[in-house]
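Peer 1: Between the sequences and the hints, there should be enough to build the whole structure, so can you do that?
First to last, the protein sequences are chains A and B.
With our numbering applied, the first sequence corresponds to residues 4 to 200, in that order.
With our numbering applied, the second sequence corresponds to residues 4 to 200, in that order.
Calculated from the structure, these hints are not laboratory results.
Mixed in with the good hints, there may be bad ones.
If chains are identical, the list can't say which one is meant, so a pair holds when it fits in one copy or spans any two.
Said to hold, decoys possible - List of simulated lysine to aspartate or glutamate pairs, DMTMM-like, C-alpha gap at most 20 angstroms:
{"hint": "1", "residue 1": "176", "residue 2": "189"}
{"hint": "2", "residue 1": "58", "residue 2": "33"}
{"hint": "3", "residue 1": "154", "residue 2": "189"}
Fair warning: this is a prediction, and the values are worked out from it, not measured in the lab.
Number of protein chains: 2
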Amino acid sequence: MKRPHNGSEGVQRFRILESSARLFAHQGFEATSLNEIAEEVSLSKATIYHYFASKEEIYSEIILDTLERLLSFVKESIDRNDTASRRLVAAMEAHGQFFEDNFWAFTAMLIGFGGIRELNRRARAVALRDSYEELLRDVVKAGIESGEFRKADPVITARAILSMLNWMARWYKPGGPKRAREFAQEYASLIMQGLCV
Amino acid sequence: MKRPHNGSEGVQRFRILESSARLFAHQGFEATSLNEIAEEVSLSKATIYHYFASKEEIYSEIILDTLERLLSFVKESIDRNDTASRRLVAAMEAHGQFFEDNFWAFTAMLIGFGGIRELNRRARAVALRDSYEELLRDVVKAGIESGEFRKADPVITARAILSMLNWMARWYKPGGPKRAREFAQEYASLIMQGLCV
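Peer 2: Here is the structure:
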């Protein structure tokens with residue numbers, strides 16, 4: 004969640020989303036009750052219902068907000084670079100950075116993606132995820148067309164890259180000696196150069 | 004689970020594990036009750052307790068059994084090959100194959116790994132996972148030493164490979180036009196050759 008500047012309503016809403024993300028990431032959506040969320044943010048359930056209609060709405064909001072911001076953050080870093088190699092490396096670094104800066108929301112998003120039941124929100128989440136995968140595929144395609152990259156399959160390549168980055172949510176612990184962005188850089192250099200001499 | 008040949012006790016135990024794996028993979032450990040498992044295999048709860056002390060024991064058994072068999076299956080395929088490149092490709096293909104052949108147990112294992120609470124079983128699961136990662140790291144190290152591979156970081160490389168393979172549990176649907184083994188092959192060729200010309 005982006006920290007708001009617009010007075011106490013925005014701040015309260017932000018706190019609810021952030022604490023919920025941490026609870027969802029830790030224990031899953033099903034195991035987290037609205038009571039726990041209320042306790043965590045020291046607000047009454049009535050106050051929470053002032054901002055969100057249900058626990059599911061909080062969950063969907065975290066997922067959609069995270070995906071939207073990931074997409075624009077990575078897109079900006081691609082647009083700031085010129086060659087396909089630089090663009091792909093920058094995209095992977097930006098993803099690592101965003102993952103660490105939004106650790107709980109990102110983890111909750113990856114765990115909970117399939118859990119959105121309301122059809123409109125679910126469709127929006129799927130569209131955002133597809134756009135993100137397409138963004139990476141397009142960088143790979145452009146690199147093949149320009150002759151920078153060999154003729155790899157852009158679908159497989161984008162998926163391999165996303166797999167490496169997304170799986171970090173399973174083992175990466177924030178606060179360790181190495182930043183998520185650095186791991187992403189090392190993955191990028193592996194994908195760029197390959198193993199064989 | 005390996006299909007047993009040893010009479011009806013073994014078959015019953017196997018059916019309990021297999022049906023539980025499917026339920027756990029679909030809806031998670033918490034959301035699955037022993038009643039549901041009993042219903043799914045058309046056995047009484049008493050019969051299930053004859054084989055397993057608790058739902059958690061079923062869960063741990065699925066995870067440990069899957070990890071043990073994955074480790075030996077992939078190790079065998081490594082041992083059948085000679086060069087580091089062939090070994091790494093064979094390991095990745097074998098992992099893809101094993102994943103598809105043991106789809107529900109594998110998915111339940113990946114979802115539920117952190118959920119084993121009993122300390123001895125948890126330690127065994129962690130040791131198996133570490134041995135598996137080490138197996139892949141050793142192939143990478145040998146390839147660097149022999150000069151087949153460039154000086155990549157074996158830890159990062161093994162983790163990148165496992166991430167690509169494990170993330171398949173999130174998107175791969177069995178019964179589609181392409182086998183998991185084939186996706187693993189394409190990932191292997193990407194990792195071997197890299198993107199840049």
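Peer 1: Now, for every hint given, state plainly whether the structure supports it.
Peer 2: Tested hints:
1. Proximity of residue 176 to residue 189 under the C-alpha cut-off of 20 angstroms is restricted to the intra-copy arrangement: shortest distance 17 angstroms within a copy versus 30 angstroms between copies.
2. Taking the closest pair of Cα atoms, residue 58 and residue 33 come within 20 angstroms of each other both inside a single copy (10 angstroms) and across two copies (18 angstroms).
3. For the identical chains of this complex, residue 154 and residue 189 are inter-copy neighbours only, at 12 angstroms across copies versus 22 angstroms inside a copy, given an alpha-carbon limit of 20 angstroms.
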